[in-house]
Amino acid sequence: MEEKTNVTRLLDQKKIPYQSHTYGGTSAISGTEVAAILGQNPEQVFKTLVTVAKSGQHYVFVIPVAKELDLKKAAKAVGEKSVEMLKAKELLPLTGYVHGGCSPIGMKKFFKTTIHQSVLNCQTFCFSAGKIGYQVEMEPSWLSKIIPYQTADVTVD
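Numbering (this note's numbering), first residue to last: -7 to 149.
I should point out that these hints are in silico values taken from the structure, not numbers from a laboratory.
Since the model is a prediction, treat every value here as computed from it, not as a measurement.
Just so you know, not all the hints are guaranteed correct.
To be verified - DMTMM-like mimics (lysine to aspartate or glutamate), calculated; alpha carbons at most 20 Å apart, straight line:
| no. | residue 1 | residue 2 |
| --- | --- | --- |
| 1 | 101 | 82 |
| 2 | 65 | 76 |
| 3 | 46 | 82 |
| 4 | 68 | 145 |
| 5 | 100 | 4 |
| 6 | -4 | 129 |
| 7 | 59 | 25 |
| 8 | 104 | 72 |
| 9 | 6 | 129 |
| 10 | 64 | 76 |
| 11 | 59 | 76 |
| 12 | 59 | 145 |
| 13 | 65 | 145 |
| 14 | 79 | 62 |
| 15 | 73 | 145 |
| 16 | 46 | 62 |
| 17 | 137 | 4 |
| 18 | 104 | 82 |
| 19 | 68 | 149 |
| 20 | 46 | 76 |
| 21 | 64 | 145 |
| 22 | 65 | 149 |
| 23 | 7 | 131 |
| 24 | 6 | 131 |
| 25 | 59 | 35 |
| 26 | 59 | 149 |
| 27 | 73 | 62 |
| 28 | 79 | 60 |
| 29 | 104 | 76 |
| 30 | 7 | 129 |
| 31 | 7 | -5 |
| 32 | 104 | 62 |
| 33 | 59 | 129 |
| 34 | 6 | -5 |
Hey, can you work out the whole structure from these sequences and the hints?
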C-alpha cells in the first residue's frame, strides 16, 4: 500500500506489525465482497459498526462481515438497556470515517469497543484501514496494544 491512512500511520507509530491489502473502488461494497476480492475467509474479515445507546453513549462493535449484529446481545455486552445503529449521516462527524471505511483504530474519539469473540480463534484478522478500498490484517493480540477492547458474542446466531 503506497498511500498511508490514519490507521496505518498509528500502527507504524506504535511499531505494530500488520499487512496492508487494497482493492479497487471508491464506493462501499459488502464485507463479503471485500473478503472475496482479497481471497480471504469471510470469518476472518471483520466490519466495524457504531451504535448509540439510550444513554447517549456510543459503542463500537467489530464483527465478521457475514454476520449481523444482535442489538440485544450488544447492549448487554456494554451494560446498556438497548443500543441502535448510528445513522449513516452521523458517522463521519462522530468518528471521522465514512460508511464502508470505518475502522476501530483512529476515530476522532475512543469509544468502548467490543470485538466478536470468534476473533480469538483467528491467527490474523482483517478490518478497514480507515478508507474505502484499504484493509489491514494483523494478529488480534496486537490490536490491544493500540486500543482497549473486550470480546463477546454479539451476533445473531
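Checked hints:
1. For the suggested pair residue 101 and residue 82, the alpha carbons sit about 14 Å apart, so the restraint of at most 20 Å is met.
2. Proposed proximity of residue 65 and residue 76 is supported: the alpha carbons are some 12 Å apart, at most 20 Å.
3. A distance of roughly 16 Å separates the Cα atoms of residue 46 and residue 82; the hinted pair therefore holds under the 20 Å criterion.
4. Distance check on the hinted pair: residue 68 and residue 145 sit about 10 Å apart at the alpha-carbon level, within 20 Å; holds.
5. Distance check on the hinted pair: residue 100 and residue 4 sit about 18 Å apart at the alpha-carbon level, within 20 Å; holds.
6. Of the supplied pair hints, the one linking residue -4 and residue 129 holds, its CA atoms being roughly 14 Å apart against a limit of 20 Å.
7. Of the supplied pair hints, the one linking residue 59 and residue 25 holds, its CA atoms being roughly 13 Å apart against a limit of 20 Å.
8. With a C-alpha separation of about 12 Å, the suggested pair residue 104 and residue 72 falls inside the 20 Å cut-off, and the hint holds.
9. Taking the CA atoms of residue 6 and residue 129, the gap is about 15 Å. The hint holds against a cut of 20 Å.
10. A distance of roughly 9 Å separates the Cα atoms of residue 64 and residue 76; the hinted pair therefore holds under the 20 Å criterion.
11. Of the pairs offered as hints, the one joining residue 59 and residue 76 holds, with about 16 Å between alpha carbons and a cut-off of 20 Å not exceeded.
12. Between residue 59 and residue 145, the direct Cα distance comes to roughly 11 Å. Compliance with the 20 Å bound is thereby established for this hinted pair.
13. Of the supplied pair hints, the one linking residue 65 and residue 145 holds, its CA atoms being roughly 7 Å apart against a limit of 20 Å.
14. Between the alpha carbons of residue 79 and residue 62 the distance comes to roughly 17 Å, so the proposed pair stays at or under 20 Å and holds.
15. Of the pairs offered as hints, the one joining residue 73 and residue 145 holds, with about 17 Å between alpha carbons and a cut-off of 20 Å not exceeded.
16. With a C-alpha separation of about 16 Å, the suggested pair residue 46 and residue 62 falls inside the 20 Å cut-off, and the hint holds.
17. For the hint pairing residue 137 with residue 4, the CA-to-CA distance comes to about 12 Å; that is within 20 Å, so the pair holds.
18. For the suggested pair residue 104 and residue 82, the alpha carbons sit about 17 Å apart, so the restraint of at most 20 Å is met.
19. A threshold of 20 Å between alpha carbons decides the hint, and for residue 68 with residue 149 the separation of about 16 Å falls inside it, so the pair holds.
20. Taking the CA atoms of residue 46 and residue 76, the gap is near 8 Å; set against the 20 Å cutoff, the hint holds.
21. In summary, the hint linking residue 64 to residue 145 is supported, as the alpha carbons are separated by about 11 Å, within the 20 Å threshold.
22. A distance of roughly 11 Å separates the Cα atoms of residue 65 and residue 149; the hinted pair therefore holds under the 20 Å criterion.
23. As the CA atoms of residue 7 and residue 131 are separated by approximately 13 Å, the hinted pair is consistent with the 20 Å bound.
24. For the suggested pair residue 6 and residue 131, the alpha carbons sit about 14 Å apart, so the restraint of at most 20 Å is met.
25. Annotation: proposed proximity of residue 59 to residue 35 holds, straight-line Cα distance about 9 Å (limit 20 Å).
26. Restraint check for residue 59 and residue 149: the C-alpha separation of about 8 Å stays at or below 20 Å, so the hint holds.
27. Restraint check for residue 73 and residue 62: satisfied, since their Cα atoms lie roughly 13 Å apart, inside the 20 Å limit.
28. Restraint check for residue 79 and residue 60: satisfied, since their Cα atoms lie roughly 16 Å apart, inside the 20 Å limit.
29. The suggested pairing of residue 104 with residue 76 holds, with an alpha-carbon distance near 15 Å, which does not exceed 20 Å.
30. Restraint check for residue 7 and residue 129: the C-alpha separation of about 14 Å stays at or below 20 Å, so the hint holds.
31. Between residue 7 and residue -5 the CA atoms are separated by roughly 18 Å; this keeps the pair inside 20 Å, and the hint holds.
32. Simply put, residue 104 and residue 62 have alpha-carbon atoms about 17 Å apart, close enough for the 20 Å limit, and the pair holds.
33. With a C-alpha separation of about 19 Å, the suggested pair residue 59 and residue 129 falls inside the 20 Å cut-off, and the hint holds.
34. Simply put, residue 6 and residue -5 have alpha-carbon atoms about 18 Å apart, close enough for the 20 Å limit, and the pair holds.
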